[in-house]
Amino acid sequence: MNIERTADGTKLTIALEGRLDMLTAPELDRQLPELLEGVKELTFDFQELEYVSSAGLRVLLSAQETMNEQGSMVVKNVNDQIMEIFEVTGFTDILTIE
Amino acid sequence: MKLKSNKTVQEMSKTERRRHSLAAKTVRSTVISCILFGLVAELVAVAFYAYSLTKQFISVADSAAHQAVMSATHGADALGFSEEVMKTYNNLAAEDRAKMGTDGYRELFSGLHIEEKGGEYDVLVNMLAGTLSYYDVYDVYIGMYDEPNGRLIYVVDADPDMETRFYPGDWEPVSRKEIKKFLAWNGEGKLYDIEWTDKYGLLCTVGLPMKNEAGEIASFMLVDISVENVLVGMGEFALQLTLALIAVTLLLAWLQTKRIKRTLVEPINRISEASVQYVNDRKNHVSEKDHFSNLDIHTGDEIENLSLNMAAMERELEEYEADLTKITAEKERIGTELSLATKIQAAMLPRIFPPFPERTEFDLYAMMQPARQVGGDFYDFFLIDEDHLCLVIADVSGKGIPAALFMMISKTILQSCAMLGKGAAETLTKMNEALSTNNQARMFVTVWVGILEISTGRLTAANGGHEYPVLKRKDGAFELIKDKHGFVIGGRKNTVYHEYELQLEPGDIIYVYTDGVPEATNASMKMFGTERMVEVLNRIDDADPKVLIDGVYESVNDFVKEAEPFDDITMLCLTYKGAAKSETEDSDPSLKSADNGGSGTTLTVEAVADNFPKVVGMIEEGLNAVDCSPADQMKIQLAVEEIYANVTNYAYAPQTGNVTVTFATEEDPKAAVITFADSGVPYNPLLKADPDISPEVRRRTKGGLGIFMVKKNVDDISYEYRDGQNILRMKKLLP
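Residue numbers (the numbering used here), protein chains in the order written: chain F, 1 to 98; chain R, 1 to 735.
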């Protein structure tokens, strides 16, 4: 999985490419605290993301919780399959999806 | 009286009943006894009558004789004439005497001049005839006996019938008895003789001797009495008496019947009617009472006693019946409670076999056959945890309800102690402590308890006075294990129990039982015995516990046959099949073909996150081969990931172990089947509650999310723990 960061002041866009699964999610989880420092507006771009498992969902949930305290977070360009996962798990109510 | 049929009295016809009438019987017996008495009385009376009549006649005849003697001796010379006749007779030769009755003979007495009117003979005849007519006797005559020849020689005969009159010198034979009696008479009383003679029939002769001056008997004055008169008189008397007796008999019979009817028949009939009424009322369930008490019979005899006894009997029957109803109700109640107790007791023992169908490491079977409705034996088995199975067999002292109650307590205490994770020995020690305190009934229980560590086959057992267990090694025979016995449970306070260990290998069988098996006794008082029991087990030689137990029970029944079952028969048997082997030992992480005809693949890897791509790769490869849509691919991958993550995180923590993933496909309907097998701690992830995914509680539900996603993304998922492995199988239909 590739993690591509685009920072603009207090705005940060993280573009994920490939699979966010049990293998890759811990890596993202490890990087997140550093990445999110001082960020007010966080955007996850899932344009190139193929797959999210529950491990990935947990990382998203933890990011959302961090952003709830310091700003806002949106997820965009979610494909149909991942959208279905969000819907099934109730993440559509937790995340802001554009 | 013996009845010919079994009819009761009221079923008989009237005529049949009359046959037994007491009144008729009384009349009959009265008449018979009166007739018998009358006959005897009449005989006595007639005899007495005849005697006194004869006496009177004799008296009359005697008077006539006296009168005749007086006149014949004073008014005539009877003596002289007598002597003259006798002299003539005595001088006759025997052959002349034999001529008696002929004219020639009479010629011989011509010297007496009997034809001479006014002569001696004539005077005498007239005198005697006068006496005869005066006294109205049969005959008056003078005669003398010729003793040597037994004859009476007539001197003068006043017989009014000239045809039969004797003339002086005529003679006829008379009995020597009469002669002797008359000649030897001493003058006391009256001289008479009654004799049967051919010529005159019954003849009574009264005599009076006439003596000359020398005192010798010259002749006898003889008077014959008409016996016919006596007979006629007697006949008349008897007739009158008979009539009188008949009248009296009839009167008596009538009176007696009346009396009997009043004092005997009627009261008996009333008792009889009361009996009939009593029987009918009982038949028709009429609750009328006092059938006999209301009779009011006061005959003052046995009949009154009878009626009093019947009344007493009626009262006692009533009381008895009331008691009986109570007792029967009580018995029914106890019976119902007993059958309930049986049901409760039966429900106490686990009776569903196989008890743990998902456990493949052992086969288990048990049975309990109580000798009575409720027994004192019990067996038990339960899982203490996933890896520990507790086996129990026990026998409570005594039988019936007390034993059943004690059994309940024992079983409950034992299970509570064992479930706390205490070992076999400590369980028994605690149980003894509980049961021996306040054990007022002095009951006890023998217990064998074994705790099997399923994964290793280590059996820890303790024995509280129970029978030796039987063990069969895989390739050996059934043998008794002479294990170390503790004292019976509940028998003595502060007893400490010790445990021992048996290492069961796959194929080993352990069999425990209560004394009902070896002590089953047949009709000739022989016991089944442990030797025979072990022999039967070896003969059956089957690994299935049910086959073994059924076989032993059958041969016990064959042995005992018709004899009354004496004790409960309880058995428990376990075949250890060994912990399920995982396939980790013989595999390096490599792909290999699955069992099901090559339509799938198997991968065994160390369960760590780094190996996940290998697993996903295999699944992807498999799914690509069956042309799976990307959406389904992702769903399957999601599920696979969650399960794999579970295994890596929990199965072997903190160490690691292997996991075997099998991918297979099915046709009709088309589906992918993925199986995960690991030898880690038994754990069923499906039991995890679905997470509440609402935002408010999401923090707490983090852990359940994965399995929830698995459930959402596949069509079927199942878990089992088999052969020591957690096996999770999921299926996704592929449209």
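Honestly, the hints are just simulated from the structure, not real lab data. One or more of the hints may lead you astray.
If you want a taste of the chain F side facing chain R, the calculated C-beta under 7 Å gives, among others [stated by the list, open to error]:
no., residue
1, Asp21
2, Leu23
3, Tyr51
4, Ser62
5, Gln64
6, Gln81
7, Met83
8, Val88
Label-pair restraints from in silico Cβ distances [what the hints assert, rightly or not]:
no., chain 1, residue 1, chain 2, residue 2, range
9, F, Gln31, R, Tyr650, 37 to 47 Å
10, R, Lys614, F, Thr10, 34 to 44 Å
11, F, Asp29, R, Ala631, 22 to 32 Å
12, R, Lys614, F, Asn79, 21 to 31 Å
13, R, Lys614, F, Glu37, 54 to 64 Å
14, R, Ser718, F, Asp80, 25 to 35 Å
15, R, Pro354, F, Asp29, 22 to 32 Å
16, R, Ser718, F, Gln31, 17 to 27 Å
This structure is a prediction, so every number in the text was calculated from the model and none was measured. Glycine included, each C-beta is placed from N, C-alpha and C at the ideal position.
Hints, one by one, checked against the model:
For aspartate 21/F, the interface hint holds, since its Cβ comes within 7 Å of a Cβ in chain R; the closest pair sits about 6 Å apart. The beta carbon of leucine 23/F comes within 5 Å of a beta carbon in chain R, closer than 7 Å, and the hint placing it at the interface holds. Among the interface hints, the one on tyrosine 51/F holds; its C-beta lies about 6 Å from the nearest C-beta in chain R, closer than the 7 Å criterion. Violation of the interface hint for serine 62/F is found here, the shortest Cβ-Cβ separation to chain R being roughly 10 Å, above the 7 Å cut-off.
Against a cut-off of 7 Å between C-beta atoms, the interface hint on glutamine 64/F is violated, since the closest Cβ of chain R lies about 10 Å away. At about 5 Å, the closest approach between the beta carbon of glutamine 81/F and any beta carbon in chain R falls short of 7 Å, and the interface hint on this residue holds. With its C-beta approaching chain R no nearer than about 11 Å, methionine 83/F sits outside the 7 Å limit, and its interface hint is violated. Checking valine 88/F against chain R by beta carbon gives a least distance of about 5 Å; that is within 7 Å, so the hint holds.
Judged by the Cβ atoms, the range 37 to 47 Å given for glutamine 31/F and tyrosine 650/R is violated: they are separated by roughly 26 Å. Here the CB-CB span from lysine 614/R to threonine 10/F is close to 42 Å, well matched to the stated 34 to 44 Å. Remark: the range hint 22 to 32 Å for aspartate 29/F to alanine 631/R is upheld by a beta-carbon distance near 27 Å. Checked against the hint of 21 to 31 Å, the pair lysine 614/R and asparagine 79/F passes, with Cβ atoms roughly 26 Å apart.
In this structure the hint that lysine 614/R and glutamate 37/F lie 54 to 64 Å apart at CB is violated, the actual value being about 36 Å. The hinted range of 25 to 35 Å is satisfied by serine 718/R and aspartate 80/F, whose Cβ atoms lie roughly 30 Å apart. Roughly 47 Å separates the CB atoms of proline 354/R and aspartate 29/F, a value that falls outside the hinted 22 to 32 Å. Look at serine 718/R against glutamine 31/F: about 39 Å separates their beta carbons, and that is not inside 17 to 27 Å.
Taken one by one, the earlier hints fail for this structure at numbers 4, 5, 7, 9, 13, 15 and 16, listed in ascending order.
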